[in-house]
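The chain contents come next:
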Amino acid sequence: MIQARLRKHFPPSAESAAFTLDVDLGTSAGVTVLFGPSGSGKTLTLDCIAGFVRPDQGRILIDDALLFDAATGVHLPPQSRNCGYVFQNYALFPHMSLRENLAFASERLARLERHRRVSEMLERFRLSEVAGRRPNELSGGQKQRGSIARALLAAPKLILLDEPARGLDARLRAELYAVLRQVRAEFSTPILLVTHDLEECFELAEWMVVLHEGKLEQAGPPAKILEHPESVEVARMLGLYNLLAAEVRALDPSNNSSKLRVGDHDLTGPYLPGRLLGDRVTLYVRPEQLTAVPRDGKIGANQVPVSLDRVADLPQSVRLEFTGGITVTMTKAEFDRGRHHRDWVVEFPRDAIRVL
Amino acid sequence: MEIDWFPLWLSLRVAVLSTLMAVACGMALAYVLANGRFRGREALDAALTLPLVLPPTVLGYYLLVVLGRESALGRLYESIFGGPLVFSWQAAVVAAFLHSAPLLIKYIRAALESVDHSYERAARTLGAGEWRLFWRVTMPLAQRSILAATALAFARSLGDFGVTIMVAGNIPGRTQTIAVAIYDAVEAGNGALARLLVIIISAIALTILWLANRYGPRQTPA
Numbered sequence: 001m002i003q004a005r006l007r008k009h010f011p012p013s014a015e016s017a018a019f020t021l022d023v024d025l026g027t028s029a030g031v032t033v034l035f036g037p038s039g040s041g042k043t044l045t046l047d048c049i050a051g052f053v054r055p056d057q058g059r060i061l062i063d064d065a066l067l068f069d070a071a072t073g074v075h076l077p078p079q080s081r082n083c084g085y086v087f088q089n090y091a092l093f094p095h096m097s098l099r100e101n102l103a104f105a106s107e108r109l110a111r112l113e114r115h116r117r118v119s120e121m122l123e124r125f126r127l128s129e130v131a132g133r134r135p136n137e138l139s140g141g142q143k144q145r146g147s148i149a150r151a152l153l154a155a156p157k158l159i160l161l162d163e164p165a166r167g168l169d170a171r172l173r174a175e176l177y178a179v180l181r182q183v184r185a186e187f188s189t190p191i192l193l194v195t196h197d198l199e200e201c202f203e204l205a206e207w208m209v210v211l212h213e214g215k216l217e218q219a220g221p222p223a224k225i226l227e228h229p230e231s232v233e234v235a236r237m238l239g240l241y242n243l244l245a246a247e248v249r250a251l252d253p254s255n256n257s258s259k260l261r262v263g264d265h266d267l268t269g270p271y272l273p274g275r276l277l278g279d280r281v282t283l284y285v286r287p288e289q290l291t292a293v294p295r296d297g298k299i300g301a302n303q304v305p306v307s308l309d310r311v312a313d314l315p316q317s318v319r320l321e322f323t324g325g326i327t328v329t330m331t332k333a334e335f336d337r338g339r340h341h342r343d344w345v346v347e348f349p350r351d352a353i354r355v356l
Numbered sequence: 357m358e359i360d361w362f363p364l365w366l367s368l369r370v371a372v373l374s375t376l377m378a379v380a381c382g383m384a385l386a387y388v389l390a391n392g393r394f395r396g397r398e399a400l401d402a403a404l405t406l407p408l409v410l411p412p413t414v415l416g417y418y419l420l421v422v423l424g425r426e427s428a429l430g431r432l433y434e435s436i437f438g439g440p441l442v443f444s445w446q447a448a449v450v451a452a453f454l455h456s457a458p459l460l461i462k463y464i465r466a467a468l469e470s471v472d473h474s475y476e477r478a479a480r481t482l483g484a485g486e487w488r489l490f491w492r493v494t495m496p497l498a499q500r501s502i503l504a505a506t507a508l509a510f511a512r513s514l515g516d517f518g519v520t521i522m523v524a525g526n527i528p529g530r531t532q533t534i535a536v537a538i539y540d541a542v543e544a545g546n547g548a549l550a551r552l553l554v555i556i557i558s559a560i561a562l563t564i565l566w567l568a569n570r571y572g573p574r575q576t577p578a
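Respectively, the protein sequence lines represent chains U and B.
Residue numbers for the first sequence follow our numbering, beginning at 1 and rising by one.
Residue numbers for the second sequence follow our numbering, beginning at 357 and rising by one.
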């Protein structure tokens with residue numbers, strides 16, 4: 001279990017604008033992913049937990065160990081925090097062989113244990129054959145596994161990974177995910193990973209924390225965040241389609257309905273608790289929940305006339321991009337029926353409409 | 357021509373001793389400057405650089421004041437070793453030390469700071485204390501630069517003239533180093549001896565520089 005309440009302020013400097021990190025995260029998941037664009041404070045959060053950076057305020061707990069507490073002045077050095085850290089460049093010591101690198105990490109273990117634990121770890125991560133090599137003689141995948149094995153040898157309470165897949169090709173990425181799943185299966189050490197890659201979140205995360213400009217925007221299981229993004233920022237970061245500016249025109253709680261004006265069209269949606277008439281909101285509908293048909297005459301309720309801008313072929317389906325920023329996905333067979341039409345109508349099912 | 361080799365041997369002995377002292381002090385001070393987080397760090401750096409820019413006579417004058425027979429340090433030295441420090445060959449060691457140490461501190465600081473921080477951070481997360489981190493990670497990664505800097509410091513301490521003549525004087529057979537001997541030979545009109553000594557010291561300096569470049573880091577730290 002990790003509990004970190006962190007606040008750190010950086011005044012503006014010649015190179016950068018002012019930045020404030022202000023997050024409160026708690027997780028007991030096996031793999032937690034900090035997700036956000038660059039400059040959102042992900043790595044800073046990791047560095048605060050590892051003890052490289054001292055927050056101005058807050059408190060960091062791993063299980064029942066207090067690592068940092070601004071109120072009582074507790075600030076353990078990285079050496080005493082028991083947090084393994086896997087660096088983006090792996091940081092295997094270049095002047096030591098892989099075995100020596102692991103031995104360096106084993107020096108906290110009992111003297112008689114060390115050799116056995118190092119060999120066992122090399123074995124587990126399929127590195128025994130290259131144990132005598134220096135890091136510059138290892139392949140990318142070997143360095144990756146070596147650096148994870150080294151971090152695990154010190155028997156940490158938590159493993160921190162900083163953008164481990166950045167700059168890796170697809171094959172190495174898949175290898176990394178496999179290794180991390182192996183770590184999950186064979187060790188009980190929880191993992192906290194930083195990434196700006198959405199695919200990685202869904203590949204690995206049991207719990208996802210979305211950061212934006214130093215603030216925690218949303219936290220939860222990835223599928224749930226995708227289903228219910230809580231803010232426009234989160235939806236944008238998730239790369240979601242159909243984020244449409246709208247105005248609340250009518251609210252009717254007794255019929256559980258509302259009227260929303262999008263462009264020149266009125267749509268009926270579910271009742272919006274907590275909203276007022278005239279509120280400007282962002283409407284969100286998932287592309288697969290919309291239906292589009294070629295236009296033939298009149299436009300029905302909850303339908304919007306649009307013209308087709310672009311068609312993108314997906315492995316299983318097609319994605320149609322219409323004017324007004326509306327995107328619809330449908331099967332190839334469905335699309336083939338209307339393939340030659342420019343003008344379409346898109347229907348917004350009442351219950352698919354969400355407001356952020 | 358009867359050649360007196362004493363100045364050469366004295367200079368080499370002085371250079372070895374002063375370089376050893378400079379490396380020991382230099383490592384400690386450079387470590388403090390590179391890693392310390394305290395007020396006045398840059399002021400300390402400036403103070404340590406001062407000997408590089410002061411005229412040697414000024415430096416020599418300071419040393420005479422601080423180490424002279426009337427000073428506390430001078431009396432302390434005399435009571436321990438039974439003879440005055442000034443105008444002895446040991447004073448030439450101090451002079452050579454002051455000549456080379458500031459540069460060495462700058463080079464070692466640059467070498468320590470040029471080690472990629474992720475290695476040091478990694479060592480810390482693996483539980484290494486600062487001592488083990490320094491000797492097992494930082495030092496081995498910086499050692500080529502440090503060795504090159506030490507070679508340069510050695511070459512430099514061979515050649516001090518101004519401070520040496522102020523605090524150690526020019527006593528043939530006792531405190532006359534090679535740089536002073538060359539000056540003496542030119543003054544006395546002994547051109548042959550001056551030429552020979554100049555060639556020897558140039559050859560030694562050139563060899564050291566060549567070795568430092570060859571076995572040192574690819575890029576010399578600025």
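In case anyone wonders, no lab produced these hints; they're calculated from the structure.
Please read these numbers as outputs of a predicted model, since none were measured by experiment.
Some clues are possibly wrong.
[Stated by the list, open to error] Quick partial rundown of chain U residues pointing at chain B, CB under 7 Å, derived from the structure:
#1 Phe-52
#2 Gln-79
#3 Cys-83
#4 Asn-89
#5 Phe-93
#6 His-95
#7 Ala-105
The beta carbon of each residue, even a glycine, is placed where N, CA and C say it ideally should be.
Please write out, lowest number first, the hints stated earlier that are contradicted by the structure. The structure breaks none of the hints.
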